[in-house]
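Novice: Each chain, letter by letter, is given below.
There are 2 protein chains.
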Amino acid sequence: MISVTLLGAGNLATRLAFALLESSGISIRQIYSRTEEHARSLAARIACCYTTDPSAIEPGSDFYIFALKDSALEEVASQVPANKGLWFHTSGSMSIDVLKPYTSRPGVLYPLQTFSKDRDVEFFEIPIFVEATNKEDLLALLRLGDKLSRNVRFLPSDKRRLLHLAAVFACNFTNHLYTLAGDILDEAELPFDVLLPLIDETAAKIHELTPYEAQTGPAVRFDENVIQKHLDLLDDPRKKDLYLRLSQSIHQDYTQP
Amino acid sequence: MISVTLLGAGNLATRLAFALLESSGISIRQIYSRTEEHARSLAARIACCYTTDPSAIEPGSDFYIFALKDSALEEVASQVPANKGLWFHTSGSMSIDVLKPYTSRPGVLYPLQTFSKDRDVEFFEIPIFVEATNKEDLLALLRLGDKLSRNVRFLPSDKRRLLHLAAVFACNFTNHLYTLAGDILDEAELPFDVLLPLIDETAAKIHELTPYEAQTGPAVRFDENVIQKHLDLLDDPRKKDLYLRLSQSIHQDYTQP
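Protein chains in written order, with my numbering: chain A, 14 to 270; chain B, 14 to 270.
A few of these clues could be false.
Taking lysine-lysine pairs in the DSS-like style, the calculated list, with each CA pair at most 25 Å apart, reads [stated by the list, open to error]:
1. B:Lys82 with B:Lys97
2. B:Lys252 with A:Lys252
3. A:Lys242 with B:Lys113
4. B:Lys172 with A:Lys253
5. B:Lys172 with A:Lys242
6. B:Lys82 with A:Lys242
7. B:Lys242 with A:Lys82
Some chain A residues near chain B, calculated using beta-carbon distances under 7 Å [to be verified]:
8. Leu125
9. Ala179
10. Ala180
11. Pro210
12. Ile212
13. Thr215
14. Ala216
15. Gly230
16. Leu259
17. Ser262
In short, the hints are calculated from the structure, not lab data.
Predicted model, so just to flag it, every value in this text is computed and none were measured.
Glycine included, C-beta positions come from ideal geometry on N, C-alpha and C.
Bound conformation, chain A alone (with noise of 0.2 Å):
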């Protein structure tokens, strides 16, 4: 049986305890939130025992992963008392360096997915990017993450950091967007389930082309007549602005050579 403790009760730290309770031969020993609220109402979903101080955390379990806000993941490794298991942050950003001065057994597992409390998702199907300091660990870590993922790879800090860059770009601000076009409709008194169906289709197009030969509209050709009458169209400076600059941007990539 593999054992673990989870620092951590926010999005992440819930679907990854739900994803390690589904596994066979793991089991979760204690849960730390500095949030007593929080620590013990995953702690009673998952039906182990919950900490709010980190001095409290007990040794003994072979990996400690550290599903924590950036800013808080330093502060928190740091008051754990030193153990011989293997410590892990789940953060796409942050090197692995961060761990280092508090154990001799850094690592780092990245799920590369967006996620919500109460929001099941298929983890099997989440990439799953690990690093460590040693061979062993890293092993160690692979062999986790198959239980978790069938799509689990070694990536070191630097080239990780690129990855969440991205996946900024591609969850984040296309979400942003989804929020400007909603804020459109609104002007026209749409409903937001009207663009359903095209957003779904703008995703699922690039699972066969792709995004360069996916792309669509007036920017491509930079159309000057139809972006003329929607900059027209657009009260709000913010939108505009944007507007032009994607515009812009869009038809850079089809004018180089």
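Put chain B on the given structure of chain A with help from the hints.
Specialist: Just chain B, lined up with the frame of chain A:
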């Protein structure tokens, strides 16, 4: 039997032709395309006759569908001999007025989707927006729409323009963010498909949450630490600029009262 003449042989015209063909009680009588190869190819696929000459469009159809590029719409319409059919275009951004000089029965039927010639779409799920100049023609378009989609509604030209603009944000600009994300993955020597589960989940989430609720990432709280690290990683001034502006735009949404 409803008879239809289809002008256009591009992505939308092709998908529409197949949707019409699959509906009961509709027959396509004639296809027009300026490009003989396109006209012949589509006509062969749906077994009807074709022409490359707008003045050879035959009278007697119930509907004349102008599924053409915005820029070609008026020129082609001006060359089609007058007849008693209902003429409608399928453009998101063109007013119904563009057809008025050439027919007494102008209309619009706008299917909100991104189309590719060779990619099958579930046409019946696509929202369709119709417009006409009198009640009788509107009812005729609503009835035709009902044969093609389970989601058909009336929308006047001024609101359709806004809808089309929203679609540019939700589809064209989103796809461009996928392209930029792919560029960044290239730098990390990672294949594009590692992003697909994240992209799919980002689109799936907003079936349940509003995009405002679904927003995550460093820009929400304007986490300057992560944002600065990301800006440092971006050599390309275009990506750097879009990163900053999109982050600022997100942050603006989450700080306003």
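Novice: Need the list of violated hint numbers for this structure, in ascending order.
Specialist: none
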